[in-house]
Amino acid sequence: MSKLSLDRILQSQGFGTRKYCRALIEDGDVTINGEVADNFKATFETDGLVLTVFDEEWAYREHVY
-3 MSKLSLDRIL
7 QSQGFGTRKY
17 CRALIEDGDV
27 TINGEVADNF
37 KATFETDGLV
47 LTVFDEEWAY
57 REHVY
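Just so we're aligned: 47 in our numbering is position 51 of the sequence shown, and the numbers increase by one with no gaps anywhere.
I should point out that these hints are in silico values taken from the structure, not numbers from a laboratory.
Okay, the calculated beta carbon distance ranges per label pair:
| # | residue 1 | residue 2 | range |
| --- | --- | --- | --- |
| 1 | Tyr61 | Glu31 | 26 to 32 Å |
| 2 | Tyr61 | Asn35 | 26 to 32 Å |
| 3 | Thr27 | Lys(-1) | 14 to 20 Å |
| 4 | Asp34 | Tyr61 | 27 to 33 Å |
| 5 | Val60 | Lys(-1) | 15 to 21 Å |
| 6 | Thr13 | Asn35 | 16 to 22 Å |
| 7 | Tyr61 | Gly24 | 26 to 32 Å |
| 8 | Thr13 | Tyr61 | 15 to 21 Å |
| 9 | Lys37 | Tyr61 | 26 to 32 Å |
| 10 | Gly10 | Gly44 | 18 to 24 Å |
| 11 | Ala38 | Thr13 | 17 to 23 Å |
| 12 | His59 | Tyr16 | 18 to 24 Å |
Here a beta-carbon is modelled for each residue, glycine too, at the ideal position from N, C-alpha and C.
Generate coordinates for the entire structure from the input sequences, incorporating the hints supplied.
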């Protein structure tokens, strides 16, 4: 449905500030489709997105409460 940058995706899921999320990405703690994501500016389709942070899978949710 919509495309967001990786740092905004992580921030919207409650992982912290965008600055902290950028650090997670740059440190290699985030993978998408089994590949380490190292570019926080990369955009991804959020529909059906599953990412791994600290070796734990997370499914993207539009609204996190």
